[in-house]
Structures are given as structure tokens and as C-alpha cells.
Amino acid sequence: MNSVQTAVSQTSPPKKSFLYDPKVRGIFYQVVLVLAIVYLFYVAATNAVENLQRAKIASGFGFLNNTAGFDISQTLIQFSAAGGTYGDAFIVGLLNTLLVSAIGIFFTTILGFLIGIARLSKNWMVAKVAMVYVEVLRNIPLLVQLLFWYIAVLGTLPQPRNSLEMGAGFYLNSRGLFMAKPIWGSNISVVVAALVIGLVGTFVYRRWARRQQEQTGRQYPVGKVTLALLLGLPVLTWIVLAVAGANPITFELPRKGTFNLTGGMQILPEFVALLLGLVTYTAAFIAEVVRAGILAVSKGQSEAAGSLGLTPGQTLRLVVIPQAMRVIVPPLTSQYLNLTKNSSLAVAIGYPDLVQVFMGTVLNQTGQAIEVVVITMGVYLTISLVTSFIMNIYNRRVAIVER
Amino acid sequence: MKKALVSIAFGLTASLLATGASAQATLNSVKQKGFLTCGSNTGLAGFGQPDAQGNWTGLDVDFCRAIAAAIFDDPTKVRFIPLAAKDRFTALQSGEVDVLSRNSTVTMSRDTQLGLDFPAINYFDGQGFMVRKKLGVSSAKELNGASICTQQGTTTELNLADYFRANNMKYEVVAFATSDETFKAYDAGRCDAFTTDASGLYAERLRASAPDDHIVLPEIISKEPLGPAVRHGDNQWGDIVRWTHNAMLNAEELGVTKANVDQMKTSENPEIKRLLGTEGKFGEAVGLTNDWAVRIIKHVGNYGEVFEKNVGEGSRLKIKRGQNAQWTKGGLQYGIPIR
Chain A
1 MNSVQTAVSQ TSPPKKSFLY DPKVRGIFYQ VVLVLAIVYL FYVAATNAVE
51 NLQRAKIASG FGFLNNTAGF DISQTLIQFS AAGGTYGDAF IVGLLNTLLV
101 SAIGIFFTTI LGFLIGIARL SKNWMVAKVA MVYVEVLRNI PLLVQLLFWY
151 IAVLGTLPQP RNSLEMGAGF YLNSRGLFMA KPIWGSNISV VVAALVIGLV
201 GTFVYRRWAR RQQEQTGRQY PVGKVTLALL LGLPVLTWIV LAVAGANPIT
251 FELPRKGTFN LTGGMQILPE FVALLLGLVT YTAAFIAEVV RAGILAVSKG
301 QSEAAGSLGL TPGQTLRLVV IPQAMRVIVP PLTSQYLNLT KNSSLAVAIG
351 YPDLVQVFMG TVLNQTGQAI EVVVITMGVY LTISLVTSFI MNIYNRRVAI
401 VER
Chain B
1 MKKALVSIAF GLTASLLATG ASAQATLNSV KQKGFLTCGS NTGLAGFGQP
51 DAQGNWTGLD VDFCRAIAAA IFDDPTKVRF IPLAAKDRFT ALQSGEVDVL
101 SRNSTVTMSR DTQLGLDFPA INYFDGQGFM VRKKLGVSSA KELNGASICT
151 QQGTTTELNL ADYFRANNMK YEVVAFATSD ETFKAYDAGR CDAFTTDASG
201 LYAERLRASA PDDHIVLPEI ISKEPLGPAV RHGDNQWGDI VRWTHNAMLN
251 AEELGVTKAN VDQMKTSENP EIKRLLGTEG KFGEAVGLTN DWAVRIIKHV
301 GNYGEVFEKN VGEGSRLKIK RGQNAQWTKG GLQYGIPIR
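Residue numbers (my numbering), protein chains in the order written: chain A, 1 to 403; chain B, 1 to 339.
Hints listed in this document are in silico derivations from the structure and should not be mistaken for laboratory results.
Heads up, some of the hints might be wrong.
The calculated DMTMM-like cross-link candidates involving lysine to aspartate or glutamate, where the alpha carbons are at most 20 Å apart (straight line), are [claimed, not checked]:
#1 A:K56 / B:D111
#2 A:K56 / B:E96
#3 B:K309 / B:D51
#4 B:K320 / B:E308
Here are the in silico distance ranges between beta carbons for each label pair [said to hold, decoys possible]:
#5 A:T85 / B:N144: 25 to 31 Å
#6 B:E308 / A:K181: 53 to 59 Å
#7 A:V136 / B:R79: 38 to 44 Å
#8 A:M265 / B:N144: 16 to 22 Å
#9 B:K320 / A:R54: 42 to 48 Å
#10 A:L99 / B:N144: 27 to 33 Å
A partial selection of chain A residues facing chain B, derived with a Cβ cut-off under 10 Å [unchecked claim]:
#11 L52
#12 A58
#13 I72
#14 L154
#15 N173
#16 R175
#17 T262
#18 V362
#19 Q365
#20 A369
All C-beta atoms, glycine included, are put in the ideal place defined by N, C-alpha and C.
All chains should be modelled from the sequences, with the hints used to inform the complete structure.
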């Protein structure tokens, strides 16, 4: 080892000027580049501020504390034209974006996996239906699909006075889906306690079942017991309480008002249309990602699983999917990001998401385009980076651990 | 490489700084381009809409044509840029359009905080509601609990909130980006009522699948002075826009029309002489030629003619002059004297 090092130092040229050291030069150029970029941004920012002042256009972020003066159709927090500020309107829009993205990601994952697996089905009919779904949905622009869901589907719904009554307090009309609103009584804590007991019980039982399987090879019915503990226990508690005359939940049913149904809960048609559009469109892409992931697992794996006596369902669940996940997760993350960003198309169908509320109404009422656009870009960047971060952690867990 | 970077940096800086200096010279840049860029509505019958041949027509459109006529002696030297309500002021601020003539309400905040000036008011309006006849509603006061479709980024959106708050009524607002989407949603049954400026209600009703099924409620809930806007800081350009409007008003008051403007040049009436540039140098004072008003009237017409052609009896809208009549006839349109 020593002799090699001396040999290298002997053959290398004698030390020249510090200026000609490639390492120093490399650092120098990088520092210059960073400085130039910082300078550019600084000049652009100060110049913009100067020009705005000269043109008498208000600047700065003070507008976020001003009263908004307009109303928003769907608000997850308390918001009114009288008391809400532009800052509150921003939060309302942000929460609406997060709501539709989170629910959208949940459903599109389920739908995408189902269709992806269906496309590989041995049943000719199922495989072709899945193929047609993918090819149709992913080849029509999302905006067109959203307008279809909103205008074509909305147009066929009845006016509020002829609402479709679907039983159990559900009504459907062109103002959206109406349902009974649960009002929690004081006894709800008992039901929640039952749910917590169910959760803990499930956890303990599953650990025990796994250990039993590892030690003795006997399998216990995990799925059924989980269902019974998680769902059965709280429902049973509820029924017992209701029979005892201390009903923990009462429902406020929608009633017919002058124009529309009042009371109860309302899901806006804009939300439904946006959710349907995003879920069905993104699912087509996820289906292809899933198909690619499954095909990436070599056939020998499922043959080996079969020869060990695993059923096709078990093969898929225990052998193929876990290996496919390492291929699926990175492109799946991109699809989640796409769905979140595509939710900004809400602007076309009047769903009050961040872009519609903040870059639409707030920008126009305040005229502070630069600030509003910068904030909005920052928000989408943050949402995307956080999603990526979480998915990367998950990816590390499903990646093959090389030994 | 370092040299290249520095030169790029300087180049960018110079171009960024340059935008500030051009604020004073809209007239020069319009002359240089050879045409006027005019921010117009995306489509509002009577005010700004392309017809079947793609020619823009309307009261606001003719206002831009009048400015082009005053500058170039040619009303066709206008390029119209259709703008949604929420994009219009940004387009003007950023210099994408030279003038915004797009039924925009003049308000104090828009005048003082958006870096804009509103040199004239070419249509006095107010906000109203339209509902389906079969709802059986006859007053806006009966709209408690209704869903209302409106266009976002407008004063309409704010007045709506004020009105329902002041009358202690509830409502559900559904806001859309463009007037087209808003009206389509109302027409499809998404909302019980549609609200915009009264002039807009009559214009939009023509587009409904069954126009006779809808009525406009009698209440006018706000003041909506509509007028063209220019960037703040270029006073010469603001003057041109202001005096274009006043020339059209004065022409109507003095009986100067598209048809008789050439004969009127020989008139002995000193007011007409000053208007038509046979006396004084009023045109040159705003950077135009002295026959600027003749050009406007000859190519486009006086205010009354433009009104009747686009929104009045000569149009499908049949809107009465009302507040937009001359002050001599009980209206609010009052031409500032040219002297």
C-alpha cells in the first residue's frame, strides 16, 4: 500500500501555482455561479418592488390581514365575508385542495390497483374491459373529462324541488348530494373507547397470530377477527347504548326549504365532479404502473409459490405484490403528485380550491399578482415535496434489502 | 464562462430595468406598433363580442375603435385581447394591453391600489339578479337560501356578500372564472339565481337555452360605473382616453353625427369649431392631430349613435338610455367642455 502511494506522488507533476489547481478552479466557478444567481434574484426582486411602487401598485404581504368581503361555497373552517381575511381565504382554499387531493389519492390508489391487476387477469373479458378503461381514460385530456362530469352529469340531475330520494336520509339533486348529519351526544366517548379497545385488541391479536404462525405454522383468521374488533365492537356498543335509551348519535335530516334542502350535510357537485375526474383519470395511469410492476416480477416466482401450495390470491398478496412494490412506488409517487397538481383544474368547474380562491378571487380583488403567485407556487412545491418525502420513506421500506 | 455569465446578468438587469422607463410612452409605443391593443370582454353581447365573421362589436369595442381612429384615422387598427374578469387588471398592469375597455367597475381600491387610472365612465350600471320564472320569485329579498352563480374577481362577488349580509339572508355562492362558465352553470340548473351588472343580465339572457323562462328581478343592489382603464403614471395616454370619451359625448350633445360631421366643419358654433379642430389646437395638446374628434365621429360615431347601435333600440338588447342619457335629458352622461 505504502509503495503504491509513493509511486503515485512521484509520477504526479510538481505543485504549480494555486490558480491552476483544478479543484480550486472548480470551487471558484461554482461560487461565482451561485453568486450570480443570487444577484440576479436580488436584482429582479428589488427591481420589481421599485417598479410596483412607481406604478402605484400595492406590494407586500399586508393584504393577507385585510377583510376579504366575499363568500366561498365550501369552507372547512369558519369563514364569512364579514369576518374572514384574505389570509383565511387562503387557508380555506388550501384545505379544499388538500381535501380533494387526499381523498382522491386514497380512491385512485384502490381503483388503479384493481384495474392494473384486472388487466393481467386470465379472464379475457375482465382484461379487455380494464384495457379499454385505461386506453380511453388516459387518452382524453383531464379538463375535458372534468367538464364532462360537471356539465353532462350535472345537467341530468333533477332540480331541488324534485330531489331524488335515495332512502336513509340521502337526497340527490343538481345542488349536490345531501345526507343526514350526525350530531354527537355525550355518550359518544363510550363508543370511541370501544373503538380504541378494538384497535389495541387487533394489534395484539395480529402479533399473536403471526408468532403462532411462525412457531407452529398454524394460521388464524386474521381478517375476520380484525373486522369484528374494529367495526363490530363499536357498532355493538352503539346498539347496546341505543337500546338502553342513551343513544350517542342523533341525525339531523335534510329538510325541504324554499329553494333547496336545508340542514344535514351537503357535498357540492363541484367537489364530486372534480373527485370523479381526478380519481378515474389518475387510476388509468396507476393501473399501468401496477401492471408494469407485476410484470417485472419474474414468472418463476409465482410458479415457485404455486408449487409450494399457495393459492393464486396468496401468491399475489404474499409473493408478487411485495416484490412489485419496489418497481411501483417511485412512479406511483409521481402520479400522486400529478393528482395533487391537477386538482388546480378545479378552476374550470367552480370548486373553490387554492388556485380558484387565491389566484382567482384574491388576486383580482387585491391586484397583488406577484405575491399571490409566489405564495401559490410555494404551496404546491411544499405539498409535492412533502408527498415525495413520505413516499420515499415508504419506498425505502419496500425496497429489497440486500444482504 | 465568467464573462458570459456577467454579460447575461447585465443584460437581464438592463431588460428588467427597462420596463420601468416605458411607463410614460404608451402613445409612442402604440404609434410604433401601428395598432392599439385593447383588453376586451371574452364575449358579452352589446359590449364586447366577436360576431359570426370574427369582427368585434359592442359599446366597449367601439370605444377602442374610437381611440384608434383618433390616433391612426383608421378604426380597424385595433387588436382585441379577450380577457376574463380575473385576468384583466394583471394584463393591463403588465403591459399586455394598452387600454382595458371591458365593462369594468371603477372603484377606489382599483384606482389607488392596482396602479390603474379610470379616465372615463362610459356606462352607468348597477347589479341585478336573474331567476327562472317558475321559481315564483318576484324580489331579490325573497332569495334567502338560494344558490347564486357569479363570476369571480368582480365587484359583483363582493356586492353579493354585502347585500345578503345587510339583509340578514343566507345564500350559497358558486363562483366561476369566466362569464361563459358562470352562465352555463346557471342555465344547467346549478344555481337558482344569476347575478351580474343589469346590462350583462339582459345580454346573457339572450344566450339562455330558453330566454323567456328567465326574468330579471327589479332590485338594483349596487352602483357600477363602468369605464375604460389605463396604467397609472402615463398622463398623456390617460388624457387621450378621457377626451376620446368626452369628444363623443360633446358630439352627441351638439348634434354632430357620423353622417353630418363633414358639413358641421363649416358650422359657426364656437363649441363645434373647437370640437372639430377648426378653432384652437386641442388635438395637438394631447399628442394627436387637431382633427382628432372628426376622425372619431366619422369612423365610429357620437356616444348616442354608438349606444343605440350596440345596446339600444338598434340592437337585440333594447336597453333604454336611462342613466346613460345626456345630462340635458335627465341622464348622467355629461361631456366636459372642450375649450
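Going down the list of hints, with the structure as the test:
1. A:K56 / B:D111: holds, 9 Å
2. A:K56 / B:E96: Holds: K56 (chain A) and E96 (chain B) sit about 18 Å apart, inside 20 Å.
3. B:K309 / B:D51: holds, 14 Å
4. B:K320 / B:E308: With Cα atoms ~9 Å apart, K320 (chain B) and E308 (chain B) stay inside 20 Å; holds.
5. A:T85 / B:N144: 25 to 31 Å: holds, 26 Å
6. B:E308 / A:K181: 53 to 59 Å: Given about 55 Å between the Cβ atoms, the range holds.
7. A:V136 / B:R79: 38 to 44 Å: holds, 40 Å
8. A:M265 / B:N144: 16 to 22 Å: holds, 20 Å
9. B:K320 / A:R54: 42 to 48 Å: The hint (42 to 48 Å, Cβ to Cβ) holds, given that K320 (chain B) and R54 (chain A) are roughly 44 Å apart.
10. A:L99 / B:N144: 27 to 33 Å: Cβ of L99 (chain A) to Cβ of N144 (chain B): about 28 Å, so the range 27 to 33 Å holds.
11. L52: holds, 7 Å
12. A58: At about 4 Å, which falls below the 10 Å cut-off, the nearest Cβ of chain B leaves the hint on A58 (chain A) intact, so it holds.
13. I72: With Cβ-Cβ at 7 Å, under 10 Å, it holds.
14. L154: Holds - the Cβ of L154 (chain A) comes within 10 Å of chain B, reaching about 6 Å at its closest.
15. N173: holds, 9 Å
16. R175: This interface hint holds because 6 Å falls under the 10 Å limit.
17. T262: With a closest approach of 6 Å, the T262 (chain A) hint holds.
18. V362: Result: holds, 9 Å to nearest chain B Cβ.
19. Q365: Holds, because the Cβ-Cβ distance from Q365 (chain A) to chain B comes to roughly 7 Å (cut-off 10 Å).
20. A369: Because about 5 Å separates A369 (chain A) from the closest Cβ in chain B, which is inside the 10 Å limit, the hint holds.
Against the hints set out earlier in the document, no violation occurs for any number.
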